[in-house]
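Enquirer: Each chain, letter by letter, is given below.
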Amino acid sequence: MKQLPVVFKRELASYFATPLAYVFILIFLVLSGVFTFYLGGFYESGQADLAPFFNFHPWLYLFLVPAIAMRLWAEERKSGSIELLMTLPITRAEAVLGKFLAAWVFAGIALLLTFPMIITVNYLGQPDNGAIFTGYIGSWLLAGSYLAIGSCMSALAKNQVIAFILAVSACFLFIVSGFPMVLDALAWAPQWLLDAVASLSFLTRFDAISKGVIDLRDLLYFISLMAAWLAATAIVVDLKKAD
Amino acid sequence: MIEIKNLTKRFAHHTAVDGLSFTVQQGEVLGFLGPNGAGKSTTMKMLTGFLAPTSGTASVLGFDIQRDTLKAQQQIGYLPEGAPCYGDMTVRGFLEFIAEVRGYRGAEKKQRVLRAVEQVELEKVLEQSIETLSKGFKRRVGLAQAILHDPKVLILDEPTDGLDPNQKHQVRQLIQSLARDKIVIISTHILEEVSAVCTRAVVIAAGKLVADGTPFELESRSRYHQAVTLVADGELDRAALAAVPGVIGVEDNADGSLTLLAQPGQVIFPQVNELIRQRGWQVKELDVERGRLDEVFRSLTRGEAA
Chain A
1 MKQLPVVFKR
11 ELASYFATPL
21 AYVFILIFLV
31 LSGVFTFYLG
41 GFYESGQADL
51 APFFNFHPWL
61 YLFLVPAIAM
71 RLWAEERKSG
81 SIELLMTLPI
91 TRAEAVLGKF
101 LAAWVFAGIA
111 LLLTFPMIIT
121 VNYLGQPDNG
131 AIFTGYIGSW
141 LLAGSYLAIG
151 SCMSALAKNQ
161 VIAFILAVSA
171 CFLFIVSGFP
181 MVLDALAWAP
191 QWLLDAVASL
201 SFLTRFDAIS
211 KGVIDLRDLL
221 YFISLMAAWL
231 AATAIVVDLK
241 KAD
Chain B
244 MIEIKNLTKR
254 FAHHTAVDGL
264 SFTVQQGEVL
274 GFLGPNGAGK
284 STTMKMLTGF
294 LAPTSGTASV
304 LGFDIQRDTL
314 KAQQQIGYLP
324 EGAPCYGDMT
334 VRGFLEFIAE
344 VRGYRGAEKK
354 QRVLRAVEQV
364 ELEKVLEQSI
374 ETLSKGFKRR
384 VGLAQAILHD
394 PKVLILDEPT
404 DGLDPNQKHQ
414 VRQLIQSLAR
424 DKIVIISTHI
434 LEEVSAVCTR
444 AVVIAAGKLV
454 ADGTPFELES
464 RSRYHQAVTL
474 VADGELDRAA
484 LAAVPGVIGV
494 EDNADGSLTL
504 LAQPGQVIFP
514 QVNELIRQRG
524 WQVKELDVER
534 GRLDEVFRSL
544 TRGEAA
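Chains as they are written, first to last, in this note's numbering: chain A, 1 to 243; chain B, 244 to 549.
Simulated from the structure, these hints should not be mistaken for lab results.
Beta carbons are placed, not taken as given, at the ideal position from N, Cα and C, and that holds for glycine.
Check before you lean on any hint, since a few could be wrong.
[Stated by the list, open to error] Quick list of in silico lysine-lysine cross-link-like pairs, DSSO-like style, CA-CA up to 30 Å:
(1) B:Lys-367 to B:Lys-314
(2) B:Lys-248 to A:Lys-240
(3) A:Lys-78 to B:Lys-527
(4) B:Lys-367 to A:Lys-241
(5) B:Lys-367 to A:Lys-9
(6) A:Lys-9 to B:Lys-378
(7) A:Lys-2 to B:Lys-411
(8) A:Lys-241 to B:Lys-314
(9) B:Lys-395 to A:Lys-9
[Said to hold, decoys possible] Here are some chain A residues pointing at chain B (derived, C-beta under 8 Å):
(10) Ala-17
(11) Ala-21
(12) Glu-44
(13) Ser-45
(14) Gln-47
(15) Ala-48
(16) Ser-199
(17) Leu-203
(18) Thr-204
(19) Ala-208
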């Protein structure tokens, strides 16, 4: 993993080499503000917490995170630079992880820039800052999970738009898998399958963490989900790199 | 040394490389020739560890490309076809990234980048982003990237493709200056390039090796090897020329000159010269050919592809 920082550094810098990064951060900040104050009813709820802020993150990320992830591999394949990257003395794991971590840190930077929310809520009342902290951790883990899925889809599709659509669809499935409509549709299935599908949902896990409850199982869920999708990315990169 | 043994790559519908075997020694500049689609790039991709062969092995300086991929890749400088780069990076940023991947840090990194930039003359565009550069400059960035760590093995996939004649000349000079104590493999379909820079030529067609020798040996396979072309004022006696010992044919050229073909292994120039002297012909031009590489190339690769 000696080359991991080198790949990571190049990838992270490449986000900021174009206006894309700034546009993305701006959109993210504006939308999260709109969601929190207008749709979330931040003031009307009369509570000093960031629940209205975090509640919308799974939906906000659904479109924004695949937009960060779509270029990860699709762009390399399109421009042919993947041939350069994979013939440099870099392992596949270093390349996959380096790219993913750069995207994840970038998402983290965008998330950190929402700090005025923390100031606001602290100014207005006495919130549970521990819960806010775990909320941020949960939100970042959620972004990482979306990114891992997006990275795999980006490796699968040479076209960035297709990569984006595939990633949105896959993430959407992971969100709704706990919804009654999905579980009702699967009513014929045995109970263990229902439980398995329901337990895959981002929403239940994320809800718990964003309310300040850190359960080791939820952490493990997010981390193993990312690991699985990144392993899949490595396999797909290997299969598709020469196409 | 590079050793390729029975290298084969099959894709879903065709075999791109079919049981290719050859070795390359230090100091050789190997021209890898073949028509488009013959499997040159696929072979290079396997040799650099980008593609896994279906069967067969390749090793670079003793490192098997599949088992010791990273060690083999450390020995190689590779210019992929079309010289792909990260377009949004500046030339300096890109080369510094490559230097870091190659394990250089601090002052040594700076010095390595500087040297590569000097070798391919990129000083003027150092701070420009790569996507704004002309084709020639992009190709040079790709070359700089390949030679940055002074590799023992240089693999260049069509290094002069799309360059203007001056740039081609420059790149060839660079390759020649680098070639000492290295192994260089260049793929090309420009035949003059082979005579200009290569010490050995390997021709493949439909994934199979069809010829392997020095450019001179290849040229001597041409039916124009040792052929004599003459341009004269006034009529020449065709029958007399055709009767010269060793001549097996007379061809008329579009510009009015005559080409006498020699029997394989025969030298006809002295006899022809003697005849001209005897008859007192006014010959303006007299040329002995080494052979035509393009003609050899055609006969080799067409026969195999059929």
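Enquirer: Work down the list of hints and note, for each, if the structure agrees.
Expert: Okay, the hints, checked on the actual structure:
As the CA atoms of Lys-367 (chain B) and Lys-314 (chain B) are separated by approximately 34 Å, the hinted pair breaks the 30 Å bound. Restraint check: the Cα-Cα separation between Lys-248 (chain B) and Lys-240 (chain A) comes to about 25 Å, which is no more than 30 Å; the hinted pair holds. Distance restraint check for Lys-78 (chain A) and Lys-527 (chain B): the Cα-Cα separation of roughly 56 Å exceeds the 30 Å cut-off, and the hinted pair is therefore not satisfied. Under the criterion of a C-alpha separation no larger than 30 Å, the hint pairing Lys-367 (chain B) with Lys-241 (chain A) is inconsistent with the structure, at around 34 Å.
Of the supplied pair hints, the one linking Lys-367 (chain B) and Lys-9 (chain A) holds, its CA atoms being roughly 26 Å apart against a limit of 30 Å. The hinted pair formed by Lys-9 (chain A) and Lys-378 (chain B) meets the criterion: a straight-line CA distance of about 27 Å does not exceed 30 Å. Proximity of Lys-2 (chain A) to Lys-411 (chain B) is assessed by CA-CA distance (about 38 Å); at most 30 Å being required, the pair is judged violated. Taking the CA atoms of Lys-241 (chain A) and Lys-314 (chain B), the gap is near 21 Å; set against the 30 Å cutoff, the hint holds.
Simply put, Lys-395 (chain B) and Lys-9 (chain A) have alpha-carbon atoms about 28 Å apart, close enough for the 30 Å limit, and the pair holds. At its closest, the beta carbon of Ala-17 (chain A) sits 5 Å from a beta carbon of chain B; the interface hint therefore holds under the 8 Å criterion. For Ala-21 (chain A), the interface hint is violated, the least distance from its beta-carbon to any beta-carbon of chain B being 11 Å, above 8 Å. Because the beta carbon of Glu-44 (chain A) sits about 45 Å from the nearest beta carbon in chain B, more than 8 Å, this interface hint is broken.
A cut of 8 Å between beta carbons decides the hint on Ser-45 (chain A): the least distance to chain B is about 43 Å, and the hint is violated. At a threshold of 8 Å, the smallest CB-CB gap from Gln-47 (chain A) to chain B is about 45 Å, leaving the interface hint violated. Evaluation of the Ala-48 (chain A) hint against chain B yields a violated restraint, the C-beta minimum of about 44 Å exceeding 8 Å. Violation of the interface hint for Ser-199 (chain A) is found here, the shortest Cβ-Cβ separation to chain B being roughly 37 Å, above the 8 Å cut-off.
Residue-level restraint check for Leu-203 (chain A) is violated (minimum Cβ-Cβ distance to chain B is 36 Å; threshold 8 Å). Below 8 Å, beta-carbon pairs count as interface contacts, and Thr-204 (chain A) has none with chain B, the closest being about 40 Å; its hint is therefore violated. Restraint check, Ala-208 (chain A) versus chain B: the minimum CB separation of about 40 Å is more than 8 Å; hint violated.
Figure legend: structure checked against the earlier numbered hints; hints not met, in rising order: 1, 3, 4, 7, 11, 12, 13, 14, 15, 16, 17, 18 and 19.
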